[in-house]
Amino acid sequence: MSINVRIPTILRTYTQEQSQVSAEGATLTDVLDSLESSFPGIKARVVDDEGKLRRFVNIYVAEEDVRFSKGLDTPTPDGSQVSIIPAVAGGC
Amino acid sequence: MSITAETSTGSTLREGAFGHATELACRECGSTQELGPYYVCRECFGPLEISYDFPAITREQIEAGPNNIWRYKALLPVPDDIEQSPNLEPGFTRLLRADNLARELGLTRLWVKDDSTNPTNSFKDRVVACALSAAREFGSKVFACPSTGNLANAVAAAGARAGIKTVVFIPSNLETPKQVNSAIYTENLVAVDGNYDDVNRLAGEIAGEEDGWAFVNVNVRPFYAEGSKTLGYEIAEQLGWRLPDQVVIPVASGSQLTKVHKAFRELVTLGLVEDKPVKIFGAQATGCSPVSEAFREGWDVIRPVRPDTIAKSLAIGNPADGVYVLDIVRETGGAIADISDDEVRDAIVLLARTEGIFTETAGGTTVGVLKKLIETGQLDTSLETVVINTGHGLKTLDAVTDLVGPAATIAPTYEAFTAAGIA
Chain A
1 MSINVRIPTI LRTYTQEQSQ VSAEGATLTD VLDSLESSFP GIKARVVDDE
51 GKLRRFVNIY VAEEDVRFSK GLDTPTPDGS QVSIIPAVAG GC
Chain B
1 MSITAETSTG STLREGAFGH ATELACRECG STQELGPYYV CRECFGPLEI
51 SYDFPAITRE QIEAGPNNIW RYKALLPVPD DIEQSPNLEP GFTRLLRADN
101 LARELGLTRL WVKDDSTNPT NSFKDRVVAC ALSAAREFGS KVFACPSTGN
151 LANAVAAAGA RAGIKTVVFI PSNLETPKQV NSAIYTENLV AVDGNYDDVN
201 RLAGEIAGEE DGWAFVNVNV RPFYAEGSKT LGYEIAEQLG WRLPDQVVIP
251 VASGSQLTKV HKAFRELVTL GLVEDKPVKI FGAQATGCSP VSEAFREGWD
301 VIRPVRPDTI AKSLAIGNPA DGVYVLDIVR ETGGAIADIS DDEVRDAIVL
351 LARTEGIFTE TAGGTTVGVL KKLIETGQLD TSLETVVINT GHGLKTLDAV
401 TDLVGPAATI APTYEAFTAA GIA
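Taken in order, these protein sequences are the chains called A and B.
Residue numbers for the first sequence, in the working numbering: 1 to 92.
Residue numbers for the second sequence, in the working numbering: 1 to 423.
Chain B with its partners taken away, still in its complex shape (with noise of 0.2 Å):
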């Protein structure tokens, strides 16, 4: 099948440019249009997600491919040559046994899926791929994104492997690591004076104005969305090739738990794994929780919040995908929760001193949510679980510099070691 569109640069895009992918689709009223740079439905403003026609696929066949998202290809909006293009090769990261951390919780079996390990030591590795390569192929010149932290540093690197100019926008009280882990790989990092919402809001002028940029989470969000599809197929490759019975999952944009559901059902309908229920959670810190408040007080719309929590990954206070959240949470008979931000801090203690994972404050969200769920019983402790770890602590040292540290500082004697009680 060929597609026809334009790139950027006017010409038209070669055969297969995005795999098996065919239209743009409004997730809102339906309509459609032809695969390119565009996000937002010319209709209804509502938000464009890729529609494919999958080739059939065998389980050998995946299995066959890389230790990385592009054994997935098939199932991306990527040419079937995206190996060829220098990249950070993100994904298939381990999916660890939590024993310790589920003894803790009075859990049966849960599971981690611990994407601390990727390229930039964050989920954002995979859809920044799938992005990077639409924009390859639309021969955009500027590769850009707004972003609170994990996806500037993302975007850079693999901007910088790729050989393509990149600009990265961040609000300016960011963080110093996850700044200068954007800085290290381009000169072009821009601190914004205001929150991620007026960072993303100018990125979407820019986006508007500029020819050639490629906002990855902007005017390429629909190919850039469909890379956290990858964290579903890899945790049910490697449970097995089966469906867990429970999955909690962090909430900013709402944009991953979305497509973890939706890659669990591509995997039933193309015959990979069994169709079985799985219950999906949403995780919010109490501080930026528009969609746990409207999970909770059972709306159908979202009221925009101005963010105020130490898990600034999660900070998004207008998540357009946020309604979506609410229709598979409320479909899949999961719950939505948020915490404090002490909370969140306890919870990245526990997971590391249960499971030696160091996470950051969104996975802390995650870990202290699923513990919030138990509690109240809306998480089923029998029930096979799997938390996402989407990012590594290294990124937010600051959330936990005050929570822990040396039991003791000693004189380097004997006597002062067992005068301090450690032994």
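Isolated chain A (complex conformation) (with noise of 0.2 Å):
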């Protein structure tokens, strides 16, 4: 399963500056994996080392927030877009 994922500018150290990688996997957590695998450290960034989602971190499959759906166990489809985006705290 094919999954575009878009890398937020704070983590484009470890993919060397690329916004926008591939990635396999059919649940958001095989993506991450697999995001690992290729860009070494990443994965730590964004999941802390109970295997949660880090607090302030929002990640979308197909625009929706993972949050609102099965978190870490959100299937992704293939050809999906995965963004990881840092929660800021929105204020208007």
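It is worth saying that the hints were derived from the structure and are not from the lab.
Accuracy of the hints is not assured; some may be wrong.
Stated by the list, open to error - Pulled a few chain A residues facing chain B out of the computed Cβ check, cut under 8 Å: (1) Thr9; (2) Ala62; (3) Glu64; (4) Arg67.
Unchecked claim - Cβ pair distances, simulated, as ranges: (5) A/Ser37 with B/Asn173: 38 to 44 Å; (6) A/Pro75 with B/Leu403: 43 to 49 Å; (7) A/Gln18 with B/Gln61: 47 to 53 Å.
Said to hold, decoys possible - Counterexamples of contact, computed for chain A against chain B with all Cβ distances above 10 Å: (8) Asp33; (9) Ser37; (10) Gly79.
Here the structure is a predicted model, which is why all the values come from computation and not from measurement.
Yeah, the Cβ is synthetic: ideal placement off N, Cα and C, and Gly gets one too.
Using the supplied hints, reconstruct the complex from the two chains, each of which is provided in its own coordinate frame.
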């Protein structure tokens, strides 16, 4: 399952400055593991020691915040767009 | 002390560009990094905050300053010559004693900090002024923001005054007055088909892609956020250099509440006011009340929601400062409550009819929650209380259009007048 992953500025040091990379996986967890094998160290920035999504990271699969869906178990169909975005303290 | 950091254009910052600010520190994990247009911790993605090395400062020095936020410039991340830069000179708004409303609610002493009289009629002028200073020092070529309205107004106006290009992004369903209130100052208003959280996310992406764009509440957020401290400083100074017992503050991102608390603590540390307990209360609308829900349920995390409320300026479904609001409210013995949209509207009318202050839906939320907290006994009516009015009612006229209007429409005759029963 080929997935497009949008990488935020702050993580581009891991991806040789690429803002969009490919990964494989049927769920978000698989996709993150796939990213980790291509770009070592990136997973730990997004997932903590207990395997949970870090508090200040938002991940969107097809524009939907995964916290509204199945979290790290959210399915990632072939061709979907995954975006990793810092949870900016949105203030209007 | 000198700071070295890169500006957007790659040149070094000038000496004293950020006043007595020393570095950025992560609120979550404590990691530090140099001052710059950064808002996210490299280690844990947590929010970055400005650290300072404050000089000794006296009440007299502050009192000798101008009647705007720059009287507190020594406590803000701005250069000493900030007053020379073209700006809207916001702040030092009135703190009004609200005896009629106090009597109506059974409070001993109530004050309204009325920020509706700022240059663009909301408290946003304060935070934008600080962001503008940072953008200038970084050599940014565009001054931008995602906004539910008030911030866009403030950014567009401040940018016009400063002669810098502005681009503001809003949800396309925003009230017309708020759209016009921004578009009047800038030709670059962008309406996005989505809610505020969608607009905010887009802004974050653009901030990462475009060079030299200062998004006030994104990549220069740590500088921006400090502006809200001036609300706390002013409340204390205007009460005669003392802290109130209770403060009720609207909660959107939660930033304002955390900064008002920070301001009070700074004043105590600097020896400008006596230390005493201040209970901090947060106000939300039920249709977007993730922080209130977390408080009520005793959670340590915020569950994001999809906002659905007329209090559009509080419609942040995923407030990353929310956890800090919980900490502060619990630590200080305060509370967070939420009220329905009807209660918000009724509270707007109540404030206007008792005190002659016309607040927008966010202010209606704050006054309505004040009322609710009194009814539940969570707020002590014998203690001196301040509520913050963050924006003017003219910005959300639609909210009350069906609640108020002429008592009668009469023919131009004295008979018609007496028949109407007005006298």
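Here's how the hints hold up against the structure:
This hint holds: A/Thr9 has a C-beta 4 Å from the nearest C-beta of chain B, less than the 8 Å allowed. Residue-level restraint check for A/Ala62 is violated (minimum Cβ-Cβ distance to chain B is 13 Å; threshold 8 Å). Annotation: A/Glu64 was flagged as interfacial toward chain B, and the flag is violated, the nearest CB pair being 11 Å apart, outside 8 Å. The criterion of a C-beta within 8 Å of any C-beta in chain B is met by A/Arg67, whose closest approach is roughly 6 Å, and the hint holds.
Range check, A/Ser37 to B/Asn173: Cβ separation about 43 Å, and the 38 to 44 Å hint holds. Hint check: A/Pro75 to B/Leu403, Cβ distance near 47 Å, so the stated range 43 to 49 Å holds. At about 51 Å, the beta-carbon gap between A/Gln18 and B/Gln61 stays in the expected band of 47 to 53 Å. The claim that A/Asp33 is not at the interface with chain B holds, since no C-beta of that chain comes within 10 Å of its own (minimum 19 Å).
Consistency note on A/Ser37: stated as away from chain B, and its beta-carbon is indeed over 10 Å from all of that chain's, at 22 Å minimum. With 10 Å as the threshold on Cβ separation, the claim that A/Gly79 sits away from chain B holds: the shortest Cβ distance comes to roughly 20 Å.
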